[in-house]
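Sequences are here, hints too, so could you generate the full structure?
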Amino acid sequence: MLIWAAAATIICIILILIIVMILRQIDIICRCLDFIKCHKTNLLLPSATPLGALNRLIDDINGLLSETAEERRTVEKEDRSLKESLTGISHDIRTPLTSLSGYFQLLEGTEDPGEQARYSEIIKARIKDLETMLENLFSYTKLQDSDYALTMTRINFTESVIDTTLAFYGQFSEKGITPRIDMDEAPAYIRGNPEAVRRILQNILKNALDHGTESIAVSLHTEGRKTVFRCANKCKTPDEIDISGVFTKFYKADPARTDTSTGLGLTIARELAERLDGELKAALEGDIFTITAAFPINQGSTDHSSLMSSSIR
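1 is the number of the first residue of the sequence shown in my numbering; add one for each residue after it.
The reader is advised that the hints may include incorrect statements.
Below, a list of computed lysine to aspartate or glutamate pairs in the DMTMM-like style, where the Cα atoms sit at most 25 angstroms apart [claimed, not checked]: (1) K226 / E159; (2) K206 / E174; (3) K281 / E240.
Honestly, the hints are just simulated from the structure, not real lab data.
This is how it looks when you write it as structure tokens:
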């Protein structure tokens with residue numbers, strides 16, 4: 001009888017110790033959770049109990065805390081990026097607006113027909129810059145929508161390259177540049193969207209025109225099962241180019257941000273290319289900066305088109 005009483009007493013003591021241990025651990029968990037709730041911290045709950053079930057519970061809570069901390073860091077990073085982007089956009093738009101205001105004042109203050117004509121041309125150019133900037137911002141916003149779709153058809157890519165390059169002839173002439181053009185004689189066809197292809201080529205050529213100097217080389221050749229468009233230009237300041245960031249939104253090689261670009265041209269070009277099953281790459285060799293756009297060759301007939309869901313790959 002005494003043995004059973006002693007055993008029962010020992011069991012009761014053990015149970016009391018276990019309950020005390022559990023209550024103590026719960027108190028520690030509650031205090032840690034209160035601290036985590038009030039502070040931005042990566043603190044995790046300690047799990048030093050001999051109870052496997054309680055340790056598993058603590059591990060599960062720690063897993064949730066780690067996921068929450070990672071989500072918080074992601075949100076904070078995106079928030080900083082958004083603020084930087086809005087600051088950059090505000091600066092980019094303010095620059096031509098300030099310029100426009102100044103030239104309008106000059107235009108109003110002169111009666112010289114020659115000066116009036118010159119100021120009018122400058123004002124037109126600034127308005128064109130604003131239109132391009134707003135168009136790029138609008139295009140970038142549309143591309144962030146995963147449901148945004150492109151109508152696909154068979155395109156004479158060679159013809160698109162020629163037409164787009166010729167459209168820049170006046171701007172090349174103004175800078176004293178005669179682009180070197182090298183193309184295969186046979187036309188290359190791809191499956192794509194005409195407007196998207198035009199925008200890709202325009203943004204690549206405009207980037208070369210804005211940041212290049214002395215010479216620009218344009219080529220289009222078939223390489224395997226792809227047609228490859230290259231645009232190479234000599235850089236003014238190659239040391240300032242971060243080749244890994246040229247396709248990043250709002251990237252600019254010029255830290256002073258003195259031009260009227262949004263820094264979205266190559267970002268938009270790459271995302272459009274990816275939606276057309278193509279790819280854009282950048283390379284810098286010495287002072288020669290090259291953008292390469294490659295697309296699968298399409299050998300199909302010209303009388304078919306379809307609507308492709310264009311989620312970014």
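Against the structure, the hints:
Between K226 and E159 the CA atoms are separated by roughly 16 angstroms; this keeps the pair inside 25 angstroms, and the hint holds. Distance check on the hinted pair: K206 and E174 sit about 13 angstroms apart at the alpha-carbon level, within 25 angstroms; holds. Distance restraint check for K281 and E240: the Cα-Cα separation of roughly 18 angstroms lies within the 25 angstroms cut-off, and the hinted pair is therefore satisfied.
In this structure, none of the earlier numbered hints is contradicted; all agree with it.
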